[in-house]
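Trainee: Given chain C, put chain F in place with the hints provided.
Number of protein chains: 2
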Amino acid sequence: MPTRKLWQVLTPLALLTTLPLHADEGQWLPHQLLELESQLKQRRIEIPAQQLADLTKPPMNAVVGLGYCTASFVSPQGLVVTNHHCAYGAIQYNSHGEHNYMEDGFLAKDQAHELSAGPQERLYITDKVEDVTTQVLEGSEQLESGYERYQLIERNRKAVIQGCEADPAYRCSVRDFHGGLKYYLLRQLVIRDVRLVYAPPESVGAYGGDIDNFEYPRHSGDFTFLRAYVAKDGSPAPYSEDNVPYQPAGYLNINAEGVRAGDGVLVAGYPGRTSRHKLTEELVFSADWLYPTQAARYQGRIDAIDALSATTPEVAVAYAATKASYANRMKKLNGLLDGFRKTDIPALKVSRDRAFDQYLQGKPEAQALSHLRQLVAESQSDYQSSFYLNNAQSGALLSAASSLYKWAKEQEKADAERDAGYQERDRKLFAARLDRLERRFDARMDQVLWQQDIDAYLAQNQRDPVLDAQLAKLDFDTLYVKTTLGDKDQRRAWMDKPAAEFEQSSDPLIQMAVALYPGNEARSKARKAHLGELSKARPQLMQAMLDWYQSQGRPVYPDANGTLRISIGHVDGYQAADALYKQPFTRLEGIREKHTGIEPFNAPAKVLAAIDEHRFGQYARPNLTAPQEQAWYCGFLPCAQADAQPFGSVPVNFLSSADTTGGNSGSPVMNGKGELVGLNFDSTYESITKDWYFNPAITRAVHVDIRYVLWMMSEVDNAQWLLEELTLVQ
Amino acid sequence: MPTRKLWQVLTPLALLTTLPLHADEGQWLPHQLLELESQLKQRRIEIPAQQLADLTKPPMNAVVGLGYCTASFVSPQGLVVTNHHCAYGAIQYNSHGEHNYMEDGFLAKDQAHELSAGPQERLYITDKVEDVTTQVLEGSEQLESGYERYQLIERNRKAVIQGCEADPAYRCSVRDFHGGLKYYLLRQLVIRDVRLVYAPPESVGAYGGDIDNFEYPRHSGDFTFLRAYVAKDGSPAPYSEDNVPYQPAGYLNINAEGVRAGDGVLVAGYPGRTSRHKLTEELVFSADWLYPTQAARYQGRIDAIDALSATTPEVAVAYAATKASYANRMKKLNGLLDGFRKTDIPALKVSRDRAFDQYLQGKPEAQALSHLRQLVAESQSDYQSSFYLNNAQSGALLSAASSLYKWAKEQEKADAERDAGYQERDRKLFAARLDRLERRFDARMDQVLWQQDIDAYLAQNQRDPVLDAQLAKLDFDTLYVKTTLGDKDQRRAWMDKPAAEFEQSSDPLIQMAVALYPGNEARSKARKAHLGELSKARPQLMQAMLDWYQSQGRPVYPDANGTLRISIGHVDGYQAADALYKQPFTRLEGIREKHTGIEPFNAPAKVLAAIDEHRFGQYARPNLTAPQEQAWYCGFLPCAQADAQPFGSVPVNFLSSADTTGGNSGSPVMNGKGELVGLNFDSTYESITKDWYFNPAITRAVHVDIRYVLWMMSEVDNAQWLLEELTLVQ
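These protein sequences, in sequence, are chains C and F.
With our numbering, letter number 56 in the first sequence gets 56, and the count goes up by one each step, no holes.
With our numbering, letter number 297 in the second sequence gets 297, and the count goes up by one each step, no holes.
One chain only, chain C, in its complex shape (with noise of 0.2 Å):
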């Protein structure tokens, strides 16, 4: 491991705190809001903790989510409004035909012509949040072993949910908090009836694509309009001509003079993951080694893509998809050791760390630390050489074999005793899988990218001789010839074999699967009862850590695990490098200013004539300066600078220091009367390291300003009916 240097570039006052919670940090569950009585002071806040904390009023009884993202009710009649990229999905399921709803936007005339957004699409509102700890570990004190705790927990988890779902209007959830210090099961009545009421062209709604991903400046008309339907009684059903629209318990009124500089916001969603709370030793393994493997791995594969395509067009279609999602996670990656380049973080976190090791000495607890580091020590490196097998067998259709050989096994269990993922429940999943193979393969290319994972195995030393024996043996000249998995059909068909007809097979790579498989489940076996050991030792350092913050008098929130939350920010800019200030809002004139008319800066003429003729209806602001007596609320820089960028347009997108990751999109941002400004839909750059640190210098979310939502609709897509539904106020 290089050296680390205590050096921090960009905010040497970060240096200073030992700190865990700056300013804007925080995902916060509802009911903590209670605590933060001077946190939301400070950003004028003006409603009420306690109606904050309360599921069932507004504003939180108006926030839903999709599974993924999270969306709002706007209007009394079950209108919602998320991302652009959210409602992908639904705009897709349109598109076909006559109608390319993905090119061209879509506005239903009328509410009698909204669309089906699909059979899959769901909305889900949390009604009831319950604390199971009890039920989730009981029985599990009395178990030594690791993997029969795993186990237990996996069944007492299923269990709960089985009872929960017994209403077939939820879907049920556990979550665990603080690494399985609690268990909450999250009850979510399901809306089966979504449809697509109004979406902007994709030119406006991922205006800037994957160039301008994780970027700012950006100018995204990130938002879409779906609708919940229900049966006439109320309830939720799938969709039918005879659904009315629901009727949601509260929703959002949108406030069209949207924010300033300054202004506090709350953005409230379902964050996915993060990684506050995880030890120092953790987040240097990542950052020395799992991103840096994980980031030249993905970069020879996009190189050898990039190579193969060059000469081989067929290739470059089947790959095109693969390969973009390769970049989207290098993009990422560099983004997280950018980061830790420009920000020794590790090194902010030591300080921490020799606080608490203070706060530890003499106490129990320390046994449970110097416990749980050995753990993730012997978890890192089980990771490092299961990362290498693992990849070795990346070949797609050896992953298919092994895939299917593991679902015939798991089809021997009762369906509550096998692996997630091979329940009766994932079958259409499993089998979508199987024939997406299809458009995305290719064997030339496939050979390439497979021989560079088994390459890397062989030059590094944890081998298993199981292995060894199976790839001295490939050959790839037949391999692609012999094999059966290359056909859609015959590959399904293995789905309904039994393992014995497996065991028996001829086909090269069923063999192969198939005398892999005993290693890779004890693999599996192996991380399960690290899993089981960890969430044991966890807790118990989580809670005194907990103990710790708590005689400090400071609210600790947990690390994101999907369920609602809360974030309280400001809407700031920031200094993203040296003598390089990003201004808090885009206008109307930087759409302009990047289109060149090659997506995905294509924007449609309509938005451009509206921009070039001065159209900007009531939603141009003179300026977004923040009153002289905010000023202190401008962070690290002085607010002056926040200020000074010059207006008189409509502003496009807007940054805030409230903290969020993924499934935050399409979170409403709220001003401080709970009224939608904005919608969440992206982090900057600098922000990725984010999952592991807050800085509050320059961790920031990019959302879309609601004026240029509303612009949209009168000014371009003249969508009056739907504004009609709307409550503006100001």
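Treat the hints with caution; some may be incorrect.
No more than 30 Å apart at the CA atoms, straight line, and that leaves these computed lysine-lysine pairs for DSSO-like [what the hints assert, rightly or not]:
| # | chain 1 | residue 1 | chain 2 | residue 2 |
| --- | --- | --- | --- | --- |
| 1 | C | Lys-331 | F | Lys-331 |
| 2 | F | Lys-428 | F | Lys-413 |
| 3 | F | Lys-428 | F | Lys-488 |
| 4 | C | Lys-606 | F | Lys-342 |
| 5 | F | Lys-406 | F | Lys-488 |
| 6 | C | Lys-323 | C | Lys-342 |
| 7 | F | Lys-473 | F | Lys-406 |
| 8 | C | Lys-528 | C | Lys-497 |
| 9 | C | Lys-158 | C | Lys-41 |
| 10 | C | Lys-331 | F | Lys-413 |
| 11 | C | Lys-232 | C | Lys-278 |
| 12 | C | Lys-409 | C | Lys-525 |
| 13 | C | Lys-323 | F | Lys-158 |
| 14 | F | Lys-497 | F | Lys-528 |
| 15 | C | Lys-497 | C | Lys-158 |
| 16 | F | Lys-323 | C | Lys-323 |
| 17 | C | Lys-232 | C | Lys-182 |
| 18 | F | Lys-332 | C | Lys-331 |
| 19 | F | Lys-278 | F | Lys-342 |
| 20 | C | Lys-342 | F | Lys-331 |
| 21 | C | Lys-673 | C | Lys-41 |
| 22 | C | Lys-331 | F | Lys-342 |
| 23 | C | Lys-342 | F | Lys-606 |
| 24 | F | Lys-409 | F | Lys-497 |
| 25 | C | Lys-332 | F | Lys-409 |
| 26 | F | Lys-473 | F | Lys-158 |
| 27 | C | Lys-278 | C | Lys-182 |
| 28 | C | Lys-413 | C | Lys-497 |
| 29 | C | Lys-528 | C | Lys-409 |
| 30 | F | Lys-109 | F | Lys-128 |
The set of hints was computed from the structure by calculation and includes no laboratory data.
Small disclaimer: the values here were computed from a predicted structure and weren't measured.
Mentor: Using the frame of chain C, we list chain F on its own:
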């Protein structure tokens, strides 16, 4: 041509003005400063205009030329400071064997150890500027033919220069102003013994390399110290151990306090070429045809080099320099095209044109304008067809053959009658260019690049039957084998052969060159005829324009032409794009921030150590905020924005609105007292269009801050003896 729309994103105010001169626009002849009292006062320039206008007084008598760059004296002992990239040759000349001063930097341990910069290095001190319009134009009025006029003016110029250079201590040149309205003789004392005193490593002097070229924020220590030496009697002489330091008539004091945002600055130097006074038609031709066409050609060539290099390492090596040069031109061309896309400069010029047309109405010069327009249109049309015709002859060995045959033909004339480039004084350079081919040529690559140009020629209508016939005969399969020109010695041997020998040669490329010669000569003659006519027509119009401006009480600077000029500006950041503000100063920490260890971001360990240890010496500044009363200096944006930059560090580079162009590299940047505060070395990407139009909102020059130079000397390189030679003031 695409339809142009009148819109302008970043500077709507610019739309309202029809005036050619903005706040800090102008590359003024020193004597013009007498007309600029109010502008000097506005920028708080304290030196009297009278003094600035006097080439025999400081600061202007401290400004020297390097032929392609600018420098300035900074001690009474002939010490000179310029850019690292301007002293590149001097450093490279001394880097061989055990010394790699390019990589390590160089600091003479005392004056006696200064190194000769090589026999080619020169410093030019302008001591006389004289109006020679009458002599140059003598006899030209009677001539009807453009070609004869061109030839006569050339002869007259040469005669004036010859008279001036009778004293071998001087180099003389005759420059035309306002397209030939005036001709001035420049007499420059030539220092022939130049020595290398102090240069930082390339990793400081060119930190960021080509990647950061034209970019900002910038962190380049682009400075080097040289010293002028003369014979003991004070006369210029070639290098000799007996030579002594030259004692300049004046030198610059150095203000170690540097500048703050909003401060006025002066930049003096030898800007090369601008086109501000050209017709809007000439701008449109460049923006809509010339630049896109050149860009497409360079991109095609870069792509071809990349493609062949990927599989052929020898090609990668041979064409690395060629590709780098294309890439540099591409960056400039892209800057021009991006600039024209963002700001419709022709539309801005059209409003001025209208006012001028109105002024001309009924005046005899109205006809001069339409005549000029016609000449320009003809000249452009000729240029377009010549472009493809010339490129179709771009094979490197054919070019060599054509040059060699022309060399032989020109040898038949008296030396004074030969075309520029083919006179006796050009022999060395001509031979060197032939030799250089050896390392930069590969037949496979040459064929691909040439074929691209042939294809482009064949795809358009302007054809030459002789060229067509020659191309039809081209046989690439045997060409490179049959020709003698691929061999270095044989190629050079052709330089000494008479034309007749070419005409009897069986070398296929020599035959082709002989066949193409009459056509190429005819086109060259036509070009000269155009230039002759333009040199008559353009001055008539320029005179009318000068009268027009004078009637408005506005001084007018001539377009840059390599003569000594002064620009007035102020320190300022700029709005680089929507929501993206670039602050005026960069800091040491930015070097650390960009450092990856990989060239060109490989800062030396000694620099990084000084930064990490905060060894800022006396050069750190708590802030660089201009006092409140200077708020109105900060241009289009509120001053607060420029000021709000947090500091407490040593400034590295800074921005000013001074009007510069190529040739201004190394120019002294002076404060209002004429004290040295920085060295000019580049412009921002957004400024690239300034050769056509000075947009005060975004045009910024990039300077090395003198505090960074002093910091390197005192805190990093311990150049105490050299520091003591400087006159530091506060």
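Trainee: Compare the structure with each hint and give your call.
Mentor: Checked hints:
1. C/Lys-331 with F/Lys-331: The given pair, whose Cα atoms are some 24 Å apart, holds under the 30 Å limit.
2. F/Lys-428 with F/Lys-413: Holds, because 19 Å separates the two Cα atoms, which is no more than 30 Å.
3. F/Lys-428 with F/Lys-488: holds, 15 Å
4. C/Lys-606 with F/Lys-342: Distance ~19 Å between C/Lys-606 and F/Lys-342 Cα, so the pair holds.
5. F/Lys-406 with F/Lys-488: OK: F/Lys-406 and F/Lys-488 at ~19 Å, within 30 Å.
6. C/Lys-323 with C/Lys-342: Holds, at roughly 28 Å.
7. F/Lys-473 with F/Lys-406: holds, 22 Å
8. C/Lys-528 with C/Lys-497: Roughly 28 Å between the alpha carbons, so the hint for C/Lys-528 and C/Lys-497 holds.
9. C/Lys-158 with C/Lys-41: Outside the cut-off at roughly 42 Å; violated.
10. C/Lys-331 with F/Lys-413: violated, 64 Å
11. C/Lys-232 with C/Lys-278: violated, 48 Å
12. C/Lys-409 with C/Lys-525: holds, 15 Å
13. C/Lys-323 with F/Lys-158: It is violated: about 63 Å lies between the C-alpha atoms, which goes past 30 Å.
14. F/Lys-497 with F/Lys-528: holds, 28 Å
15. C/Lys-497 with C/Lys-158: Given that 30 Å is the threshold and the Cα spacing comes to 27 Å, the pair holds.
16. F/Lys-323 with C/Lys-323: holds, 28 Å
17. C/Lys-232 with C/Lys-182: Since the Cα atoms of C/Lys-232 and C/Lys-182 sit roughly 39 Å apart, the hinted pair is violated (cutoff 30 Å).
18. F/Lys-332 with C/Lys-331: holds, 28 Å
19. F/Lys-278 with F/Lys-342: Status holds; Cα separation ~21 Å.
20. C/Lys-342 with F/Lys-331: holds, 28 Å
21. C/Lys-673 with C/Lys-41: Holds, at roughly 12 Å.
22. C/Lys-331 with F/Lys-342: holds, 28 Å
23. C/Lys-342 with F/Lys-606: Given pair C/Lys-342, F/Lys-606 holds - Cα atoms ~19 Å apart, limit 30 Å.
24. F/Lys-409 with F/Lys-497: holds, 10 Å
25. C/Lys-332 with F/Lys-409: Cα-Cα ~63 Å, so violated.
26. F/Lys-473 with F/Lys-158: The hint is violated at about 42 Å.
27. C/Lys-278 with C/Lys-182: holds, 16 Å
28. C/Lys-413 with C/Lys-497: Holds - the C-alpha atoms of C/Lys-497 and C/Lys-413 are around 15 Å apart, at most 30 Å.
29. C/Lys-528 with C/Lys-409: Given pair C/Lys-528, C/Lys-409 holds - Cα atoms ~18 Å apart, limit 30 Å.
30. F/Lys-109 with F/Lys-128: violated, 36 Å
Comparing the model with each earlier hint shows violations of hints 9, 10, 11, 13, 17, 25, 26, 30; every other hint is respected.
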